[in-house]
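For chain U, the structure is supplied; the task is to place chain L on it using the hints.
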Amino acid sequence: MQMPSPDAKIMAKKAQVVQRLTEVLGARGVIHDPAETRAYECDALTAYRCPPLCVVLPATTEEVSAALRVCHEENVPVVPRGSGTSLAGGALPTADSVILGVSRMNRVLEIDTDDRIIRVQTGRTNLSVTGAVEELGFFYAPDPSSQLACAIAGNIAMNSGGAHCLKYGVTTNNLLGVTMVQMDGTVIEIGGAHMDAGGLDLLGVICGSEGQLGVVTEATLRILPKPEGALPVMMGYDSAEAAGACVADIIKAGVLPVAIEYMDRPCIRACEAFAKAGYPDCEALLIVEVEGSADEISYQLDTILKIARDHDPVEIRAAQDSDEAARIWLGRKSAFGAMGQINDYMCLDGTIPVSALPEVLKRIGELSDQYGLGVANVFHAGDGNMHPLILFDANKEGDLEKCEEMGADILRLCVEVGGCLTGEHGVGVEKRDLMSVQFAREDLEAQMKVKDVFDPKWLLNPAKVFPLDVSEGRRA
Amino acid sequence: MQTNFTPAQLRDPKTAEANAILRSCVHCGFCTATCPTYQVLGDELDSPRGRIYLIKDMLENERIPDDKTVTHLDRCLGCLACMTTCPSGVHYGHLIDQARGYIEKNYERPPMDRFLRWVLSRILPYPGRFRLALLAARIGKPFKGLMPDKRLRAMLEMAPAKLPPVSRNDDPQVFPAKGERRMRVGLSIGCAQRALDTDINDSTIRLLTRLGCEVVIPEGVGCCGALTEHMGKHDEARGTAAKLIRSMASIEGLDAVVINTSGCGTTMKDYGHMFAGHELEAEATRIGGLCRDVTEVVAELGLPKLVKAEPVRVAYHAACSLQHGQKLKAGPKALLKQVGFEVLEPADSHLCCGSAGTYNLMQPEISAELRNRKVETLEVLKPQLIAAGNIGCMMQIGRGTDIPVVHSVQLLDWATGGPQPSAISEQFA
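Just so you know, the sequences run in chain order U and L.
Position 265 of the first sequence, counting from 1, maps to 265 under full-length UniProt numbering, and the rest follow consecutively.
Position 12 of the second sequence, counting from 1, maps to 12 under full-length UniProt numbering, and the rest follow consecutively.
Please keep in mind that the hints were generated in silico from the structure rather than gathered at the bench.
Worth double-checking, as some hints may not be accurate.
Quick look at which bits of chain U chain L covers, simulated, 3 or more residues with Cβ under 8 angstroms [claimed, not checked]:
# : segment
1 : 95 to 106
2 : 118 to 127
3 : 146 to 158
4 : 323 to 337
5 : 437 to 446
In this text the structure is predicted, and so the values were computed from the model without any measurement.
Ideal placement from N, C-alpha and C gives every residue a C-beta, glycine not left out.
Isolated chain U (complex conformation):
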């Protein structure tokens, strides 16, 4: 993976840029000592690293605007950053860029349960949005596994999903309005506390734009009343194909559980060690959650269990109480971290048609043999959002490159079976160079024209999403 070489002109005027940013943000808001900028050299994709020119931590929309205006005038690229939990390198800096972190912007601005909305500053973490309305009987539906730490800003940038999105949709389905600062410092508002933004669906354009069109500083989000009850059921199978086929059949039957999650043996063991959830030790585990009233739960569960039993499960077990349910989810949502106890890994994110699950799991297994690198699978099976973790040794020379090649093959496979390069992590740098596999040059050109409109100088997160040779000439 290549990043553009830093602009010597910008590097040479670091002191001036830092001084101007300090004038608008104060010393506390600007980090520029090389001893300190290093901690911002990567996000949760640690394979690629580069300390930024400096880091700014504004506390208000006005400060974001002032900082962006300075960078715009100085022609310095800006890389927006939420909590730095991206697995696609969305917040990876270049040496000539300013990281703009929204971590200090985490206030709740408004809660309205009558209209079912909450307005927050986007540095607020996903889970703490639910935390703010929980006692009122509400929740915010999108739940990326990193929800404890990830920021709403990043969720909007990557149009994040999560386990429960099978029923509730992803971020774009739960986002009603944004306050966004454009690269030149202009503050705009799109949408509001109501369904559907007027005019063209600009909100749809902003959500998932990977920090390339503007910095979203405030968001109005849909909150939902908490369901009466919810019950996760664990279904163990002795082959990936059987579990995959079971998922395809559940979806075919027309029932809509809240979540259908898949974990294979390496993940099951790692998650069990952390969460002590009592997962069955099997080849492939499905966690299916149904919710609603007791009647609804039992009706849905009957249908699902009938299907599940047709595929020769080794074990089927429902959570006995809320504590066990919490542990089942704690384990699943900690899967990526828990795998860290075992190995270095690269986490992929692609989507496929649900019916292709058994075939794709089989071929990932074949690729694993071919490359000699282990693979652990943990993903949102219900909507075909795959997360194969390729296991490698970061301290072994050549392993990362092998891992990258294998990752590219898996994502090509997703496209080949009619799926897509990205599910919920975004393109970032991880899948940037594969965009040409999915899109023709004309398609990419059309997408880049959208960025031309919002960010004519191409200063916002410029080295991401589009292959460098394709965006060459546009980037400063």
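Showing chain L alone in chain U's frame:
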């Protein structure tokens, strides 16, 4: 996470340990969400993930620590909330302790810093000296405005208005069990606690003997070393710890070492690690393995189930050293409920109150912010009492509220026949 130690570096056992810890971190960032200083400061560098990065860079390059790195590492409370959150099992506690030791050896602190740290390490672990210092501080308190350093002012402010007389219960002796002897335990009587609040040990002795414990206060028992260990003064820590280990090891037929200062408990249970490769390793591991928080021993001995018509409303503050350091979360609350208290838990109970050993003295601003947040979440519960399992938390929270703060063990003692804790002025039936 990738690391860049040379094979030569990795031959050093401490470096090898740091490498293993760093290799298990996947940089997922979950820890940022539960880190108190990240909540307050919002800077990656003041989060566990950022600190791990700073430590990695410092150790890999054997760098002389720079001021910025030291500032961010000094701001770590050592509350270990990150370790509860971490799905990858990163042993942040061992890593930060190693980093503190490295800084202590390789960094020249400004003179005032050095002086304050020297004073704390020479006074706090010694009850006699600490008592004198507290008396002196009381005299100095009215003049605190003249102090040139905010940390000195914080130290003067911390001095309580009243000091209890020395308790003769803390002298070496054996308290026989009431009735049949079910267990023989050594009591770690603490250091700072003995000067600040003698009721806690008194209650512990009454409660344990009532439950059938023979309680031994061995000759020479003193500071456990936690305080200096967390300041990076590892040699001093091992010095006092070795004394305590030998003192406990002298007790024949020892079933457990009981600790009622949970900050000490985290360190003492880990003595095997502190003395790894040291001549005392086997004894340290054995004594460390016998260490129990007082609530663990009480739960093992069993308490009567008591029902109160009008239960006293107690807000339970979970000390970090209990909930994160020793993973004792539900136990203490269950005991309080069992003897008839109504136990309330504040929001964000995983967050530190800002006491954290000497932290409230060395980082008064962040500490005060955390105390204010903690007190707010406790007071909103409208409790009649606040209970905690650690003297540091008790002092810290007590300075921010008028609600009486007592040790959990005092409530357990009270409920099972002991006197009402003197900190509570209201008369309860």
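Structure-based check of each hint:
no.: 1; hint: 95 to 106; verdict: holds (count 4)
no.: 2; hint: 118 to 127; verdict: holds (count 3)
no.: 3; hint: 146 to 158; verdict: holds (count 4)
no.: 4; hint: 323 to 337; verdict: holds (count 4)
no.: 5; hint: 437 to 446; verdict: violated (count 0)
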